[in-house]
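Enquirer: Chains as they are written, first to last, in my numbering: chain C, 82 to 319; chain G, 3 to 114.
What the hints contain is simulated information worked out from the structure, not anything from laboratory work. Be aware that a few hints might be false.
Simulated DEER-style distance windows between Cβ atoms [stated by the list, open to error]:
#1 G/T79 - C/T83: 48 to 56 Å
#2 G/L23 - C/V167: 31 to 39 Å
#3 C/D266 - G/L23: 40 to 48 Å
#4 G/A19 - C/Q106: 35 to 43 Å
Note that the Cβ used here is the ideal one computed from N, Cα and C, for glycine as well.
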Amino acid sequence: MTRELDVKIKRGGDDGGYENFRVPQRENQTVLDVVTWIQREADPTLTYRFACRVGVCGSCAMTVNGRPRWTCRTHVSKVAGDGRLVIEPLENMPVIKDLATDMTGFFEKWQAARGRFEAAISRDDPLVPILPDSPERRAADAAIECINCAVCYSACDVVSWDQDYLGPAALNRAWAALNDVRDGDRAGLLRAVSGDAGCGNCHSHQSCAEHCPVEINPTRSIAGLKRASLVALLKGER
Amino acid sequence: MNMRLYFLQRASAAILALLVLIHLAVIIYAVQGGLSAEEILGRTRGNLGWGLFYGLFVVTVAIHGSIGLRGILAEWTRLGRRTVNGAAWATAALLLVWGLRAVLAVVGEGAA
Ligand code: SF4
Ligand code: SF4
Ligand code: FES
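Chain C on its own, in the form it takes in the complex (with noise of 0.2 Å):
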């Protein structure tokens, strides 16, 4: 006889509750593998999002047991031990339906923080020497693996007691721009960043580095971007 999992799905957001589903278990299953046999074979009308199956996308993020996870890339048996899972959808931002949130504020920090390149120079001038080992190009490799997928943004209690409160993931990209050399604002990222839901909120607690399916270390980048705001104060930069 097949073992079977005891799966308990969060449904219907706020007003919802949980629903129990038997799922067949298997090897190499992970998280996503189950919640898609559940939409295939149980009970079609459960929503949830996923895309690249591969750790790539970001998309497929949800609460596994009482922690934000991507699930394509967690197995099962890794978090379910005893053959339970209560899956949930992220926190920290507002379902749209069962395990589907509606990242739109996440993204908007995104730009908010000016997380992305401003260019200085068009492409008719000579290209910029970035050497692979100065201290900028490192800080900022550090911090440019990520996927987007808001594990951190939910992980976040900072996020969850104040909602404007940029966040890990905005303020992560921004440092990596702010470290690209061939960024031609510094001084308007800086104000970006350092404003009144900017850098400063930070608890420096580090549940978004823990939690980060890539192993980036936000907390990092953003104890950067406080030091450079503050030393831009300071100095009148800003």
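For this one, chain C is given, so just place chain G with the ligands on it according to the hints.
Expert: Showing chain G with the ligands alone in chain C's frame:
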């Protein structure tokens, strides 16, 4: 919080760390052999040094305390930004008035 507040809170904390240590040392020194109002006033009355010391103490407390309270209110209550800022300013003003009155009372020459 914005960077200006962030800076003020850290800077006031750094100053307070030093002032509190001196304050504690003075307390321990002052209670040796009993404590009386005359003894305290004898030390502080007309003493510009202690006046400046406790004046600075009050100012840094007002800055540090009000920014800290602002953070707690912003994170732990659903109050809007304006209310939170108003409460922080009110706290700062209250601490300043109370504190500076007390400093004047122990440093000033007249009756406390
Ligand atoms: S370290 Fe900062 S950004 Fe990260 S979870 Fe804590 S408060 Fe949020
Ligand atoms: S920093 Fe990590 S946890 Fe946060 S969005 Fe990027 S990849 Fe996800
Ligand atoms: S489905 Fe793309 S990261 Fe999980």
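Enquirer: Okay, which hints does this one fail, numbers in order?
Expert: 2 and 4
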